[in-house]
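S.K.: Given chain A, work out where chains B and C should sit, using these hints.
Protein chains in written order, with this note's numbering: chain A, 1 to 279; chain B, 1 to 346; chain C, 1 to 284.
Please keep in mind that the hints were generated in silico from the structure rather than gathered at the bench.
Note that the structure is predicted; figures quoted are calculated from it, not measured.
Warning: the hint list may mix true and false statements.
Anything over 10 Å on all C-beta distances counts as not near chain A; from chain B, calculated [claimed, not checked]: (1) Gly-130; (2) Lys-173; (3) Thr-186; (4) Ala-304.
Here's a subset of chain A near chain B, in silico, CB distances under 8 Å, partners left out [claimed, not checked]: (5) Gly-170; (6) Val-191; (7) Ala-195.
Glycine included, every Cβ here is placed at the ideal spot set by N, Cα and C.
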Amino acid sequence: MPKGVLQRRRSIIPGFGLTMGITIFALSVIVLIPLSAVFVTTAGMSFDEFVAAALSKRALSAYRLSFGAAAVAAAVNAVFGLLTAWVLVRYEFTGKRVVSALVDLPFALPTAVAGIALTALYAPNGWIGRWLAPLGVDIAFTPRGVVVALIFVGLPFVVRTVEPVLADLGADVEEAAATLGASRRQTFVRVILPAIAPALVTGCALAFARAVGEYGSVIFIAGNMPFRSEIAPLLIVVQLEQFNTAGATAIAATMLVISFALLFAINLLQVWQRRLRSA
Amino acid sequence: MSVTASAVVKTFGGFTALDGVSLAAREGEFLALLGPSGSGKTTLLRILAGLEFPDSGSISIGGIDMSDRPARDRQVGFVFQQYALFRHMTVADNIGFGLTVRPRATRPPRAEIDRRVAELLELVQLPALGGRYPAQLSGGQRQRVALARALAVEPRLLLLDEPFGALDAKVRKDLRRWLRGVHDRTGLTSIFVTHDQEEALDLADRVVVMVHGWIEQIDTPELVWERPATAFVCDFLGGANRVKAQAVAGQIDVAGVRLPNRAPAMVDGPASAFIRPHEFALAAPGSAGIAVVLRRILRTGAQAALETETGDGGLIEVTIATPPDGLAPGTALVLVPQTVRAYPAG
Amino acid sequence: MTRPPASASPTAEPRWLRWLLVGSALLFLGLNLALPLAAVFVEGLRKGLAAYVTAISEPDAISALRLTLTVAAIAVPLNIVIGLAASWAIAKFDFRFKSVLVTLIDLPFSVSPVVSGLIYVLLFGLQGWFGAALRDHDIQVIFAVPGLVLATIFITFPFVARELIPLMEEQGREEEEAALSLGASGLSTFWHVTLPNVRWGLLYGVLLCNARAMGEFGAVSVVSGHIRGRTNTLPLHIEILYNEYNFAAAFAVASLLAGLALVTLVLKSLLEWRFAGQLAGKVH
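For reference, chain A alone in the conformation it holds in the complex (with noise of 0.2 Å):
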């Protein structure tokens, strides 16, 4: 029987160790270890160059930009990904299971499609960019195109966190409620919402998350105009491609750190969530 980490209960059912020798051989070889180079990389180099690097004022543009519209995204999507769930949930109407399908469509669509997809939509000559541009709105090519592509990246993970919770929000609660004169708005507001709250927390944080690390759907809206309209992943790719392979390094290291410090505060909240949940 193995011991001391993975020591575990007398168990009759056999595999264990070949299981569990597959999967962490596997998790070393195409996870940890390739990961690791990140950090490792890093790490060889001297301090200065790490912030010059990963700090310049590039980068910094290019995490704010990419930050910035993950969180607006994710902003909007708290508010319309609630509406979809809601929808979904508690109103019948011809057609909603197709509508609940394509929700899914942005998990299933390679994102170079949806990026040139949208920017077919917003350029200035596009499905909605023509109506726009006369009125001096520009979507395609700036900020606000990145915005629009991580709306659509970021969208199912509001909705389908959010949906099993309402769905299991009894009906009686909001009974209750009536019965002890509260008005719909009011039943919504007071009761309701703060149920689903951590449910749409923790979506947003998951649509945020993906939203920051996204670079197929961005990068063909996005104007990738340095300083201006240039992602952080596409920053990395730029210096890749100009044998920076140390300063690509350096940012992907950056951002793996906030990745998984997101991953972390994830976890806390869906811990929270079940727990509250289990009540």
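M.R.: Only chains B and C this time, still in chain A's reference frame:
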């Protein structure tokens, strides 16, 4: 406040939940709606609350027609089966909720709300738990918070849906007694739904026995027990044994034993007779009565419970205060009914 | 004798509000989801059907398709094996640090696709850790198919495991223990008891894994070198066409992948409706 329901009909899809039901509760009365699942009792309760609307029929509370009013305008307190406490609010906030959602004109000041909440926490004997969350309470405590919350808005009518269904036996008994005490103190007209006959008979001023969307009988517990109006009520209450009998010349003939009918009078003909386990006397084989063979005997303290089998395989349960000696499985006996309630067969 | 009031149920909004909400949601979804999807097909056919067919049948497109399928054909089965192994280990046994393991398996989800490609360049690129060794043995990883496969496996690593772990945990161990107590071997138990129980969840995970494997762009872009006809997957081919202003052709090829996405959605929905009880947890 008195409550009346008149000729209420409610169907769900093809299923008739209530088939033209009428009932009247007097002011201050504690009424039980008793029946098996599917009898319509919960539907009726929800219609009284305004959580459902009947297909036809009317509801009035305190003499005022409420049929068109939604739940939030009826001033009815409702205690849900699973309590429906607001998980994300403290106990105190739960109880005060109904007061805080009042329109500004009628909303009491914060201090007043806090005072009411404290008062109610005393009433339901949970004075120290105002700051806790529902998840931190036991089932019985949640039950009492749900009640306090319903009482906070000073309802004119209190409706309870299987209030003790989710609790274990000991807690149930204690809470039962306590609820009756609260009712007596507040004098509030209360209607509660239950499928537990012991509960209904123990607590209620009058019992409404329902089955299949219809009211079989409305009477005091004593009358419903002693004089069940229909075979269903008799069967549902008291665990009676059912045997074939014959109504002859105004009396009931059960296997040769003639007795007056404790149920409403019936015309001569075949009958279903109900005899409760304690309503038998034992006799030697050959006497008039029901011939049985003893299958099991369980002596518990002052009584003995006998399981007997008739000639055609029917099971009759008997409880005897002082069983004679020599009773063992396999003994042949005759059961002589002392009291019988019979209804037309079929 | 009476009519229910306008808002019949105490837990329903007035009808006008309901229609407003539904309308707003449909408008938003139509704008953000349906319209882009439609744009792919419409733009693909902009130069007519003949041009469409040419675009998807010209040699570079075909070899891109073949490469995409090859990469998926390697990555998906590997992830199935890893997913089954990981979920077996996690669901059928108790050990400490289980949640750490699950978090580690989930890691690729939170890594930007570009970084997912970069890490393999760091390992196998010319200046990479193994760069010199690979060059000595004349093995190409970066800018060649193996690199594409590795990056794709990384990206799709969690998909199957994420589906199977909660599902297997929900299903418990009793059936396996029963089979073993009746004398079945471990492998036999897995094949005859476990696998049938999880087959729909497995299929679901494979669907998602495959969709992502075939559609991955960022990671693959970094490791591929964009060599036409050799290391271009379908998404990369689309990018090249687009950057050459060959829009109609780009959309034509994109419509293939969009079609795949639709098929994936349909199959996914079918699985969800019919086998809802046998799929656990659906957020990705």
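S.K.: With reference to the structure, classify each hint as holding or not holding.
M.R.: Checked hints:
no., hint, verdict
1, Gly-130, "holds (17 Å)"
2, Lys-173, "holds (25 Å)"
3, Thr-186, "holds (17 Å)"
4, Ala-304, "holds (46 Å)"
5, Gly-170, "holds (7 Å)"
6, Val-191, "holds (6 Å)"
7, Ala-195, "holds (6 Å)"
Hint check: no violations occur; every hint is consistent with the structure.
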